[in-house]
Every structure is written in structure tokens, then in C-alpha cells.
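Using the sequences provided together with the hints, build the complete structure.
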Amino acid sequence: MPLWVASVQPLLIAAVLLWAGVGKLAGRQSADAARRSALAQLLGPERAVPAYTLVGFVEVALGAALALPPAPRAEAAVAAALHVGFLAYLGYAKVAAPESSCGCLSAQRAPVRWRGFARAGLLLLAALAALTTTEFWLAAATEHPLAATVLLLAEAAAVVALSAELDGYWLVPLRRLKVRLTHPLPTGSFEVPIASTVEQLHRSGVYRRIADLIESDVREHWDEGEWRIVCFTARYQGRVGSAVFAVPRLSYQPGAVRVAIVDEETREVLLSLNPIPDPVAEAGWPVPAPA
Amino acid sequence: MDTPMDRRRMLSAAALGTTAALVGATAFGSLAPEAAFAATGPAAGPATAPDLDAPDPNFAEGRITGIAGTTLLVTGSDKTLWRIRVTNGSSIWKLRPTTFDRIAVGDGLYARGARLADGSLAADSIWVNIVNLQVHIAAIGRNVVHFDHKGRRIVGHVVPGTSAAVYNSTPAIGDLSLLKVGAHIQVLGAWLPDTNEIEIATVYAAA
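These protein sequences, in sequence, are chains F and U. In terms of the UniProt record's numbering, the first sequence opens at residue 1 and continues consecutively. In terms of the UniProt record's numbering, the second sequence opens at residue 1 and continues consecutively.
Hints listed in this document are in silico derivations from the structure and should not be mistaken for laboratory results. Errors might be hidden in some of the hints.
As the list claims (entries may be wrong) - Here are the computed distance ranges between Cβ atoms for each label pair:
no.: 1; chain 1: F; residue 1: Trp170; chain 2: U; residue 2: His184; range: 18 to 28 Å
no.: 2; chain 1: U; residue 1: Asn168; chain 2: F; residue 2: Glu46; range: 23 to 33 Å
no.: 3; chain 1: U; residue 1: Ala206; chain 2: F; residue 2: Ala158; range: 47 to 57 Å
no.: 4; chain 1: U; residue 1: Ala117; chain 2: F; residue 2: Glu46; range: 34 to 44 Å
no.: 5; chain 1: F; residue 1: Trp222; chain 2: U; residue 2: Thr87; range: 13 to 23 Å
no.: 6; chain 1: F; residue 1: Glu99; chain 2: U; residue 2: Asp51; range: 26 to 36 Å
no.: 7; chain 1: F; residue 1: Trp222; chain 2: U; residue 2: Ala207; range: 25 to 35 Å
no.: 8; chain 1: F; residue 1: Gly168; chain 2: U; residue 2: Phe100; range: 14 to 24 Å
no.: 9; chain 1: U; residue 1: Ala104; chain 2: F; residue 2: Tyr92; range: 34 to 44 Å
no.: 10; chain 1: F; residue 1: Leu125; chain 2: U; residue 2: His157; range: 18 to 28 Å
All residues carry an ideal CB built from backbone N, CA and C; glycine is no exception.
Okay, structure coming up:
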């Protein structure tokens, strides 16, 4: 590994630590983030917020020290130790409170997953590399401006890619764009789903009138021209039969729903209801009123 | 013996009032609520207060460990052993209303019915592998929606012709293309046993 590669690592670590620390100290929701994090489990909810703030101070101080000259090995050693600590914390969180947020980089909720470990591991490697040199990053970067910029950008991109907190800024828009370009889901046929028919049935006066008699969920259904026939099991006057509903298939007319309860053995119609108009249901689909 | 087509034709005709079927004593016209209540079978039992903390004796859940004839042998998640009798009158849901032969050993189920004297449950309704989840949409692929459920990944398969979407509480439609990556949705579906995959029945989303 060329020396300049090791020398510029403190800048990467400093950038990440400053970002994390400033977020912890100045973020408007940082107190909530602290209570959601595994710190609340580790130290108790009342100590989580001060501990979170303390970590923020340490991160800002170390980040500033790394970013400013000189560059003694001690800074890199402290950074390495801090990241070993972060890894231990992530391991604890994964075991003790797997659904809690990591609370690492922002108040954005991000459960502890492999990406969190990979990010901390990457920064630990950077800190270990920085241990091998005492050259200040600015000197190395001026010596190899192009290579250093490319390397740091690549490393920063890796940190961003490993940060679940930042998915909303790049991954979600990217996936939305892919969906917009490829149209992967069915855009629908003119087929009316059975769920829609059953909902219309539930809003019909006929169904409400005899709902007490119905014992089963939808048993079977088929289409009969303009109608969809939906069968349930019903009990009427002590006899078990099929409640056969005819529901308009292509239109919303709950008032037109008809029903017969049929004993299938004897082919006897036990009960037959004419459509029951229901002005409220027919007025249209109720729109939820704003609270 | 009727063919299935004859049977369906007869039932359709009865519902649409174009029937040639026999018409029983109670027919046509409105049914007063009192009549409906009077018609609900056996008279109410002794007026004792129900024990609200007791498990519902008419409800069962668990995994199917065996199928004997038309009886399902089911082990509940609390290790209760159930015998669930399926009849012609039982409704069976497995992604869609379906038939007994689609039930397999290993499926999970919820069943509601009436307890018989021998301890078995005569099922009125059975819902096989049904799941009801609140999730985020993590990604969308060709007829596949990847869900994030409390940080865990669930793969939802879209079944064209069956999967439906309810947008803003309006009637269900077959068009799922308004689903957005990142959106919070509720999804009803059928679990594929021992996987993290489901087939989507209905999604409830904002659009």
C-alpha cells in the first residue's frame, strides 16, 4: 500500500465522525433517536440521552483532531479503538435489541444489519491504515491530487452505500426510477377482482338484512353475464343451504344485489329476497372525511 | 347426478329470480329483522355471562400435520391438537376461495366453526396460510414486491388476475402499478410455508 493511501484516511474518518457527531449534538430529533437506539437498552432510557450526547462530543472532538494538523499516531489509535467500540456496540445491539435503531449517523431509524457492521469495519480498517504513518493528509493529497480525490470519493461512496440511514436519498429514488422505466407490475385488465365484488356485496341492503344467517366466508363464485354469483353457506329456519348472491359485476349498484337461499339437495329455494334499495350505499363510495 | 355446470346454472337462476327450482314456503319480499333472528336456529342457551378471557372454543389456528379423509389434523401454536372437519358447507380460502384438494400438509390455517360433542371442530370457514402485514415497500421487480417488515425482508409475489389493490379505500382493482417504493402499506396474502415469501391477495395503499 503506498504511503499516501494511509495518509489520507484520517480525512475520511474525520468526515464521517464530524457528520455523525454534529447530527447527534445538533439534530432536532436526536433525543428521540437516543431513546430508540440500543443505548436505551444498554444503559436505561434516562441515561441514553446523555450518553448519546457524550458520544457526539467525542466524535466531533476526534473528527476535528483528525482533520487538523498535526497527525500523531495517537489520533489514529483512538479512532481505531472507537471503532472497535462501535463494533462491540453493534454486536450487543444485534443480540440484545435487534429491532432497536443503531442511532449511528442520523435520527433516521435504521435497525442494525450487516451494512452497519461493514461500515464500522471499513472505518476500522481505515484507522488501522492511518496508524502506519504520521504524514498529514493535506501533504499527501497535494502530492497525489487526482488519485487521492478518486480514492476518497470511492471510500465516501462505500460509506454512503453502507448507510441504511441514507437509503431514502439515493436508493429509494433509484428504485422508483427503475419502476418508472420498466413498469414491472400489472397495470390491470378489465377483470373485476372478487374483493371488489365482495365489498359491494357487504354494502348492499340485501346482505345486511340476512347477514345473521350467513355462516361461512365466500365458498365459490362465478360470472353469469353482467352478474357475479357469490355463494356462502347459510342457516335458515334450522336448515342449512347455500346463500347465492347475484352482484352487478361491472357497476357499483349495491341496491341491485339479489339473493336466494337454496337447499342444494332438494333444489328448494328456502328464501328469496328482492333487491332492497339503499340510498346511502347507492349515493356512491363513501369518502373518508378529514379528521 | 348434476354436473357442476347444471348445479351452477340452477343456483344462478335461483339468485336472479329466473328460477325453475322449487320455491319453499317463505319466499320473495322483505324479511323483517325479527324473522331473521328467529331463524338463526336453536334458542339461546341459559343466560350466563360469557367468560371473556377464555379462548374462543369455536376458533382454531395452527399448522396442518395430517389429512385423514375430510378431517384436518392441526397442531396449534400453543401445541393444542385439533381435528377440523371440512364439509360441503365449509368455505376454504387459500389466496382465493378454493376447494379442499388445494389444502396440503404443512399449511398454516385459521378456522372458525362449531365444536362437536367429540371435540372436533366442524369448520364453517377456513383461511389457509393467510397473513395480514403492515410493511414498507423496499423494492419492486417483475411481478414481485419486496417488503420490509420490521427490518426483515418478505418477498410478495403478484398473481396476475388474483392480486388486487385498494387505493385510498376505494373499490379493489387489479392494477398494482400505483404502488410506490418506500410506501407504507397493509397487505393480505397467502404465505408459502417455511419461506419468507407470500402471494399477494390484496394490498391497501395510498395513491
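Checklist entry - How does the Cβ-Cβ distance of Ala104 of chain U and Tyr92 of chain F compare with 34 to 44 Å: does it lie in that range? => result Given about 42 Å between the Cβ atoms, the range holds.
Checklist entry - Taking 14 to 24 Å as the hint, is the beta-carbon distance of Gly168 of chain F and Phe100 of chain U inside that range? => result violated (47 Å)
Item to check | Verdict for Trp170 of chain F, His184 of chain U (Cβ pair) under range 18 to 28 Å | outcome: With a Cβ separation near 20 Å, Trp170 of chain F and His184 of chain U satisfy 18 to 28 Å, so the hint holds.
Next on the checklist: Within 34 to 44 Å: is that where the Cβ-Cβ distance between Ala117 of chain U and Glu46 of chain F falls?
Outcome noted: For Glu46 of chain F against Ala117 of chain U, whose Cβ atoms are near 58 Å apart, the range 34 to 44 Å is violated.
Checklist entry - If you check the beta carbons of Leu125 of chain F and His157 of chain U, does the distance land in 18 to 28 Å? => result violated (40 Å)
Next on the checklist: Given the hint of 23 to 33 Å, is the C-beta distance from Asn168 of chain U to Glu46 of chain F inside that range or not?
Outcome noted: Since Asn168 of chain U and Glu46 of chain F have Cβ atoms about 42 Å apart, the given range 23 to 33 Å is violated.
Checklist entry - Do the Cβ positions of Glu99 of chain F and Asp51 of chain U conform to the proposed distance bound of 26 to 36 Å? => result Taking Cβ atoms as reference, Glu99 of chain F and Asp51 of chain U lie about 34 Å apart, which means the hint holds.
Next on the checklist: Just to be sure I understand the hint, the distance between the Cβ atoms of Ala206 of chain U and Ala158 of chain F should be within 47 to 57 Å; is that true here?
Outcome noted: violated (35 Å)
Item to check | Assessment of proposed distance window 25 to 35 Å (beta carbons of Trp222 of chain F, Ala207 of chain U) | outcome: holds (30 Å)
Item to check | Range hint 13 to 23 Å (beta carbons of Trp222 of chain F and Thr87 of chain U) holds or violated | outcome: This hint holds: roughly 21 Å between Cβ atoms.
Checked against the numbered hints above, the structure violates hints 2, 3, 4, 8 and 10; every other hint is satisfied.
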